[in-house]
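Since the structure of chain A is already known, use the hints to place chain B on it.
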Amino acid sequence: MEASSDTIPVIAFDGVSKRYGPRARPALDNVSLAIQPGEFIALVGQSGSGKSTLLGMINRLIDPTSGTVWFEGENVQQQDPVMLRRHIGYVFQDIGLFPHMTLAENIGITPRLLGWDKARIAARVDELLNLVQLPPERYRRRYPAQLSGGERQRAGVARAIAAQPRVVLMDEPFGALDLRTRDALSRDYRKLHDALGLTTVMITHDVIEAVLLADRIAVIQDGRIAGLGTPQGLISDPPNEDVRALLNMPREQAQRLNALLRENGAR
Amino acid sequence: MISNPAIAEAFSHLPDYLGQHVLVSLTALAIGLAISLPLALFSVRRPYLRNVVLGFASIVQTIPGLALLALFYPLLLGAAALTTSWFGFDFSALGFLPSVLALALYSMLPVLRNTITGIEGVQPSLQRAARGVGMTNRQSLFMVELPLAMPIIMAGIRTAAVWVIGTATLSTPIGQTSLGNYIFSGLQTQNWVFVLFGCVAAALLALVVDQLLALMERGAAARRKSSIVAGLLGLALVVSIAFVPGLFSRKADYVVGAKPFSEQYILAALMAQRIEADGHSVSRREGLGSNIIFAALAASEIDAYVEYTGTIWSAMMKHTDIKPREETLTEVRQWLQREHGITLAGALGFENSYALAMKRSEAEKLGIRTIADLARVAPTLTIAGDYEFLSRPEWTALRTTYGLNFRAERTMQPEFMYPAAGNEVDVISAYTSDGRIAQYDLVVLEDPRHVIPPYDAVLLLSPKRGKDDSLIAALKPLDDAIDVTLMRQANLRANQGQSPNAVAQWLWDQLRGGKPDAAKR
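Line by line, the protein sequences are chains A and B.
If you're matching positions, the first sequence starts at 1 in my numbering and goes up one per residue.
If you're matching positions, the second sequence starts at 1 in my numbering and goes up one per residue.
Worth flagging that the hints you see were computed from the coordinates, not collected in a lab.
A virtual CB, placed ideally from N, CA and C, is assigned to each residue, including glycine.
Check each hint, because a few of them may be wrong.
Unchecked claim - Going by beta-carbon spacing under 7 Å, a handful of chain A positions derived as facing chain B: (1) VAL82; (2) ARG85; (3) TYR90; (4) ASP94; (5) ILE109; (6) THR110; (7) ARG112; (8) LEU113.
The following block holds chain B by itself, in its conformation from the complex:
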């Protein structure tokens, strides 16, 4: 029935992604309600507290969802460090917990505001009547004001539910699997079917929950028990979706991480396939931000991922000088082990360094071959960088060393940046292993003064797995096996819509000499 392989693959992830999405968003909603409803009732008759509470919730609402979610990661990491030193226990600061807390906070404003305005909106004459018939303030609140405010409160709860389910897609970058996995990986691999699938699934889920809540609300208003029961049953059914994946999968033996770009998805898939080929189960945490993924590895919340030496060299070790490839690798390896207990298990054999790239035709027309050539004409040109590049030390070093000074600097998503080169912008920050360099006929400008450090792709293992022989053995075949041409081809395949799993399989076949994988399961 489903002929499109992308749709079929999207459906194959649905139980996991949808289940996780339901779990995280409904847990957040439940916690949010459990806090904001009593808080609203407590503060409704205390004008000062009410203003403070509403003010706080409004401020939270102005924080962009992605930032709020990301902020909870370092916060919880600090908290986990405290509980470890004080009480001797530790908890995962990645994924579920920060997502739930941030989303719960996000759900509070509509519930607080609607509960308070709903109760305040009850006619004063009815409040007087409640006192007159002999109700205490509490009885008046629960027997008269709360029931009368219920439609408005329910409207708030429904708004919160829709917001939380929508925003939960943003919990993917902090390590919580959600329907956002479709969107983030789809954006990276130009798999628009995935992006659309994730959006539609999240919207449908929001719609279903909203309508079930509406059904319960109407049932309560009309005192129809059947509607309330039907609504509750429906919600229970939705909640049960969250536990479906749990029924069929046990906790994975290993967790492999990936940053949010296609090369990382491919390499994570490749690692997962190798580990699985040895008979272990693997779960993947994909789309993690650069700092989050490193902290997660250091905390042994993920077991392995691919990092680049230059990133560690300049962003973490804070070096400003540049050393040759081998020396950098050695120093990075020592530093990782010494400072974080992280094992550098091997280099994959290619570099994915930052570079500046231009449309070939434009570069030839302007006679630009190196960054030094570029500096002469830069004031008339526009550069686009990805979110990270323009705030990285390499960019600062490039600018000062070559005296680069562009007419304008723009920040773009990589997938829009490459096609923009030679059109909306003149120069882009590119990755040397990126398949799109060939695809869009770009040239990588030379760096004669060696400002950009080497960016060898290296396999990192968490402190917990540093001596895990079966893991090391499973990943051994990847050591020094992938050259930059092969990686570019693989990346190009991903950009042309092949799934990371399929590309990883293709890559493995290439490594095996183009023969089909005997161990393929």
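Same shape as in the complex, but just chain A:
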């Protein structure tokens, strides 16, 4: 999806840097990035590349050392971080469901913090449980410990979108799941993204996941954006050798796999 000049980006980074100490190497170094409404953008890069810092700045879990982060046209530094977080969905890497709350209480937490009335929360929770394919009558009263990993992450997604945010941030949301669950869940999420008209920023290690799901991919390296574009664009015209190597990895793996299967005489 290419940005047209008349749309205001929903999220924009403007020369943003972050240092965690006066002498530390910058975790982010003068990054600028605009994310358009409805866009699904994947941030890929190695551990310590700065992608988590970038994501955390959007809802002010982390504040920049310099530069400006814009959310829906406003400088986030001038907004109340708590209210900002209530209006931005967040799916955590370790899911972070509260173990002492039922699924319904977990999913309804942000609406509750926003002061919705009980009936509205209950209706919303049921709607969301259906949406993430956890039948409400069976799941509503369960505790996180009574769920499988996949069910927990579905609940995590439901919690993130409970207060009807326009933006969802995902920090390696499916990383801990087995491959089949992960594939099914990520495709289900993409459908939700489209159906609800969300804007999604997702961190992932998995290049295949990024290529298959995202509208655009930002490759982060050493605190800078090393490549930015659609999956096809980056694969066919990588800006540098590192990005080429990273994005070619899935294809090379597939070719090696095919070669292996042929050698062994398999179909």
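Only chain B this time, still in chain A's reference frame:
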């Protein structure tokens, strides 16, 4: 059903002792929780404050329970003096208040530590998630961290409850009735049934409260309202025990005090019986320490007790010289009235002075009759004194005057000291009216240089009661009525397991010429 009279008597005190014990320990626990829970929540995110708070609570914990309780008495006495001069009101520094404050302080460490470690132990990922879903720090604390830390916090509360209920037995010496009354009076009168009864009752109470708290904790964890309600009801029932004695007894007309030894228990019982015979109600504050009981009398918190002239002469008037019995009595009487407004209503007729005593056989073998004889062989002997004796001026005077120098000095509880004479130790500090001198066949060594002042047992009345004619009339029959032989017999009876009440009754019968008391109720 209860055939043993000691057990029956123990049970007769149970409503009062248990009720007071519950009242003081649960009040202390409630105050302790009301301070330490908010303090823990406030300091958990402030590392410096948290260290200060935990450090302070740990130091408090290292103070022995008895010392902590005793320290609060002078502290509150000073505070009461301040409020009197500044704001014109006064409060009792004896009994309930110092016990509650000291025990509340004692309960704080486990609650503080468990609350702080419990909250700090919540997974960082959940704290991050709490922020991510849009909770404020406060909401994160109350909606996520506190509920998750609850099992650990409850464990702390349970520990505190058990400690406080156990330690509350030590509030007896500072004037608060508790299950400790069984233990302290039992130790003094060698009534082991009482000691055991007090221990078992305190342990059972601790166990019950602990289990009720555990029930509530499990109910909270499993979200079973019934368990929480049952736990609360149980606690309410325990609390109601505290008010049972209050329902049946009004505030007593007079308060009689006793120091922690059997003679004092007997005399307090005797005074109480005389006052009650005249139709007034009496409550007793027993097992009070020497300084505490005097301060309590001066503050009119107790109305009467028996003191000994020598104690006042040397420990309070700070005299080092010795005067004859009558002169001492006169000077003590004047000093008490002048300095404290205390009335010396009369001498009971016997002396209970400090003395050095030995096993008769050993004294004869070594040819010791006087303390001067003793000084020659002292370097090969061991002496045992009670907690007070070895720090009293009389002991210093004895040592310097006679040049006493023992091989070793030991401190013992009186009830273990007497049987130890001639066995573990050679010489003991004894009391001249003590029944155990005859019981263990000891001899009291003479004091040819008159170093030990006269110790006449005297009846003291508080400033408030100095002109109370009905009290003075009720106690009049005790004036100059008890000689040392009679008192020794009475003390011996107490040491042989008779209750102070029974011995006091026997003593009164003797005073009446062995006839049964007509006024007996």
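Now the hints, each set against the structure:
1. Annotation: interface hint on VAL82/A holds; nearest CB of chain B at approximately 5 Å, less than 7 Å.
2. Checking ARG85/A against chain B by beta carbon gives a least distance of about 4 Å; that is within 7 Å, so the hint holds.
3. Taking 7 Å as the C-beta cut-off, the interface hint given for TYR90/A holds, the closest approach to chain B being about 4 Å.
4. Hint status for ASP94/A: holds, given a least beta-carbon distance of 5 Å to chain B, under 7 Å.
5. For ILE109/A, the interface hint holds, since its Cβ comes within 7 Å of a Cβ in chain B; the closest pair sits about 5 Å apart.
6. Restraint check, THR110/A versus chain B: the minimum CB separation of about 5 Å is within 7 Å; hint holds.
7. Proximity of ARG112/A to chain B is violated relative to the hint, the smallest CB-CB distance being about 9 Å (cut-off 7 Å).
8. Because the beta carbon of LEU113/A sits about 5 Å from the nearest beta carbon in chain B, less than 7 Å, this interface hint is met.
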